[in-house]
Structure formats: structure tokens, C-alpha cells
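Peer 1: Given next are the chains, with one letter for each unit.
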Amino acid sequence: MKLKIWIMTLLLVLAFGESVRAAETLSVDIFGPGQTRVNILVLPARGVNGAAATSLARSFSEYVQGDIGFLPFLRLAYLTEVLGGDPSKGVKADDIDFKPLQLSRIDLVLTISGAGQDIEARVYETFTRKLLVGKAYSQVDQGGVAHVADRFCAQLMRVLTGKSGFFDSTLAFSKKVNGGKELFTASALGRELQQVTHDDGFNVSPSWSKDGRKLAYTNISDLGHRLGIWDRGSRVSRLRKFPGNIAISPTFTPDGQIAISLSLNGHPDIYMLNSDFKPSAPLAPSWAIAVSPSFDLSGRKMVFCSGRLGGPQIFLLNRDTGAVDRVTYEGTYNTRPSLSPDGRFVVFARMTGDGHRIFIRDLVVNQERQISFGPGNDEDPSFDPDGYFVSFASSRSGGTRIYVTTRYGDPARLIPTGPGDAMAPAWGVAQALN
Amino acid sequence: MNAKRIFSLMLMLCLLVAFGAGCAKKTADSMPAGATKVEISDKDTDWQKPAPAPESRSLTEDEIRAQQREQAQREVGNMIFFAFDSFELTPESRNVLTSKADTLKKYSLFNIVIEGHCDERGTSEYNLALGERRAKASQQFLNQLGIADSRMTIVSYGKERPLDPGKTEAAWSKNRRDEFKIQN
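Protein sequences, first through last, are from chains A and B.
Residue 555 is where the first sequence starts when you use this note's numbering, and the numbers rise one by one after that.
Residue 0 is where the second sequence starts when you use this note's numbering, and the numbers rise one by one after that.
The hints are simulated quantities; they were obtained by calculation from the structure and are not laboratory data.
Watch out, some of these pointers could steer you wrong.
Listed next, the in silico BS3-like pairs over lysine-lysine satisfying Cα-Cα at most 25 Å (straight line) [to be verified]:
hint : chain 1 : residue 1 : chain 2 : residue 2
1    : A       : Lys684    : A       : Lys646
2    : B       : Lys173    : A       : Lys730
3    : A       : Lys643    : A       : Lys653
4    : A       : Lys730    : A       : Lys684
5    : A       : Lys832    : A       : Lys795
6    : A       : Lys717    : A       : Lys768
7    : A       : Lys730    : B       : Lys166
8    : A       : Lys795    : B       : Lys180
9    : A       : Lys764    : A       : Lys795
Isolated chain A, as found in the complex (with noise of 0.2 Å):
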């Protein structure tokens, strides 16, 4: 069914009469000093000649106004907010009177029609009358219409700041089952939400490889520690013994090596694993425990946590130098860091009296501030593949779950998962499973 939207849509698009030229009109900066916010007001959705509103119309508004939600750049406008309420009598540009939405600080304003299982949506920016983005879904239903949703706020997301990982990801987690822990993926919005192994045991800290096919992470049994590898294409996972006690914390380099937390020697350092699986020398060794390695895109530089100066703290080595250096110096007890894919901002968890919170700190200007706030504990931050936002586990409504906030502490949104404690998101880029 969604091969057949994507084709229909495909063809679609190109119907629109409208130019998109996106760069020369209304773009958001994610990354600046100072967020900016900008306001989109989305009408009411329309049918075709003055007809009302298909159920589906409405639902993709729904959906679509949910999705904006998550979006801490956007501010979901209210039609109270315009003067003379609804300024439009259709859904194109001719059809909308802009200057009360310009009054009204409006920038961008979202149209939806819709006929029997087709959707249009179209976004304008208000000053300037432009069709930021336009879009046609043919053979929509009920059941794909939220995939539908997200396709376009990846697409409206990507012409305002150029980026959509946010909407492109997979989110692996791990979940608890059946008195153990397995792992599930779903997409960034908690949407095809599936559980891809069945081990037994506990399955945790779930890795992707870069291109989304391979999924690394821990089996803990009876039997120890296994690295277990699982196979996107297949769908099949593979359990594998190492010597030593542990395999802690395996995590997929930019290239596609395995880093992983191993005891060969007498205490846990992280080795970085051939095509074969063998163990090279250890990467940053030290007498005490190493875990959590994490990587920027050029896989040159590696975050850890090491107990090596006491407490667990955060450190950074230079592959290329060996040089280690400590990252965190405040706090006793800093784990789990999360490096972000251009190198410059570390995002970890830090105990503090009130729990573990997260942290970012910037390794350029070496400045630190805390961007999650509980109540509970909040652990496992992990970047999305932009940069931009952390998601990571909370137990601040009771049982664990998965949030997603910005490296600038925005308000943290829950991500559904499902009944069950869910922890330990890992960004993925691929899509999510169908």
C-alpha cells in the first residue's frame, strides 16, 4: 500500500503549478546561538468545491499538527490568533487573504484538502506569499495516513532548515518482556513501533550500524555476556561468546567496526572488533572499567566513560594522537556520553542529588549546561543523526520511558512505546520498519 503512495505521490508532485524555491524564501538556522521560533497556523482542513472535510483530511491535520509539535522551532499557532478568524476560502495562495495572518505575526500558514482517499497539503510563507512546500497523496487510508503526516513534516522540516533525521530515523530501544528485555524499533515519533529480536534474557544498549541494516548490542543469560548482531535484511540475530567476563556496550563506528567494552585482560577496556570479530589492542586502556564508547562521523574521535581517575567520568581520545582527555569535571559520577556527528557537543548523564540528568557540553568553547530536568532519573542521551536532538530514558511518570528533547534543552516530549518499560534509544538513519 505505502509503495503505492510513494509513486502516486512522486507523480503528484510534479502536478503542482506553484515553484518551491525554498532558499530564497524563510529558512531556520536549528544551530544558532539563539533558537528562532517561527509561528504556522494550520487552517482548518477543507474538501474539494466547498464540499466538508474527508475524515482522512482531518486526521492528516491531526497527525500533522501532532508531528509540528515536536518541532521546537515551530510554534503551532491558534485561528483565534487572526484577526477576523479563518482568512482563507480555499487552499492555494489566491484563495488566502495573507494580511491578517501577516498582523497577526503569522509566518508560515498550512493548507490541507482532501477527496475521497487523496490529500493535498501546501504550506505559504505569509510575507512573501511563496509555496514553501506542496504536496499530493493519492490512496491514503486510515492506517497510513500518519505515515503520511510524518513524510510531509520531513519534508516541510528539510526545506526550513535543511536537515529531516529527526523524520528519517529509526529509534532501536531496548524493552522490557516477559521478565527480561528485548529490543524494538520504532520511528522517531513512536509509529511502527516492532519488537526484531526474540533472545531471551536481557537485551540492552542497542547500536545501529550507519547505513541502518545491522543492529549491535548485549545479550545478558545465564550464559554471560554475548555481543548479539542483528540483521535488518534477514531479520535474524546472531549471538556471539568472547573471552573474558563482559561484552558491554558494543557501538558501531562510522565505517562500520564494532567498538566494544570487553574483559581480556582483567578488567574492562574497549577494543575495536575486526570484520572477523578479533579483538585489536585495547583503545585507551587503564587499570579500571571503559564502557560506552561513542563516535563523530569521522570516527577519529571517541567519548568513554572510565573509572580510571576514581568515580566514572567522561574522557575523549584522539584516535589519530592517542591523546585521552577528561571531559567532565563537575560531578562524581558522569556515564553513558553521547557524541554528536560533527564532534563538538558531548551529551551525557550526570547523577546529581535530585537523580541522574542530562548534560551537553560544548568541547569548542568547553562550556557545560544541563538540558533535561526529571523528576526521576533521566539516563541514556543519545544524538540523532542532525545533531540537534537527544533523545534518552526517563523515569519521570513511573515506569522508564523515551523522550526526545534539542541539544538546547527544550521541553522533553514523550515518545510512545507501548505499554512496558522502554529504554536505551539509538538513532538510527534508514526509516522505519514497515
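Given the coordinates of chain A, work out where chain B should sit on it, guided by the hints.
Peer 2: Frame of chain A, contents of chain B only:
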């Protein structure tokens, strides 16, 4: 006359008492010598298969092993506990481990699994490593007391299997532990 009557009355009284006392023992003593004693029972009797005489059966090897295993698990099952973010053995833990070493020497056929556990306050991956260090501390101590490493397997569960799900220091202190389980 009066004296005779009184004497007669006393004699009759004595005879009555003697007669009454004799009745109380009738069932026990009244059977003539050489007579056959018959016992009456309401229980059903299996006329076809007379009940076999109880014979003393020796336990099979498996049963003996199972008994020994159970006994060994009882003796080796005491947990030891740790301070927060620590894998240092306390003096009390050392005493418990010394006793375990004696048990493992006594039951030399059995191997053990040492499970390292942590409380929920630490984060998952670091706790998996810490749990291993805790189990390793026990393994090394037992090894120093003469228990071969080959008889001991380590599994760290980190904070995945708390003993007490509570959110208090009392619960957390129970969860920072090593567990010992007979393996084979």
C-alpha cells in the same frame, strides 16, 4: 454381736472392693493360659496381595547428587553486599567467602556461578562493568583460598535483576550484591 456384724460388713466391703478392682483388669488378665488371642480390625484386608514387608532401598547416584547439590546450594547461597559504586570486599564478606571456600572444597564435584548485581542508581552500561568487578572480587578471593578459577563462572547482570524493587537505601543496599549458585 455388734462387733461380729461390724466385722461382717467390713469383710463384705473388702470383697466388693476386691471384686470391683478385679473387673477393671479383666481384659488384660482374664485370658486363660494357652488361649489364642484374636484381634478384630475394621481395616480392609487385601486377601490377594499381602502387603510386602518394607525393605531398605539405597538411593540412586542421581538422588544422592541432587541431595548433595541442594545441601551445597544451601551452604553456598549466602549473598555478600557492597557499598555504592564499590567492588571492595568487606571483612564480613570475606568471612562469608571463607565459609564458601570450605563448602566448595567439601563438594568438589560442583561448580558455581557468581552473579554480580548493582542497584538502580547507577546507569546501565557502567553498572554491567561494575557488576563484573564485584563478581570478580569474589572469584579472586575464593581462588586465593584454593578454589580453581575453572570451577567459577561470572555473570554480571548490572541493575537488570534487583532483589528489592524499592527506591530506598535499604532496598538499594540489598541489590548491590554477589549471588552464588551451584552450576552443575
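Peer 1: Are the hints correct? Go through all of them and say.
Peer 2: Hint check results:
1. A/Lys684 / A/Lys646: 10 Å, holds
2. B/Lys173 / A/Lys730: 22 Å, holds
3. A/Lys643 / A/Lys653: Answer holds: A/Lys643 to A/Lys653 is near 14 Å, not above 25 Å.
4. A/Lys730 / A/Lys684: 48 Å, violated
5. A/Lys832 / A/Lys795: Satisfied, since the Cα-Cα distance of roughly 11 Å is no more than 25 Å.
6. A/Lys717 / A/Lys768: Judged against 25 Å, a Cα distance of about 23 Å means the pair holds.
7. A/Lys730 / B/Lys166: 19 Å, holds
8. A/Lys795 / B/Lys180: 21 Å, holds
9. A/Lys764 / A/Lys795: Between A/Lys764 and A/Lys795 the Cα gap is close to 24 Å, so the pair holds against 25 Å.
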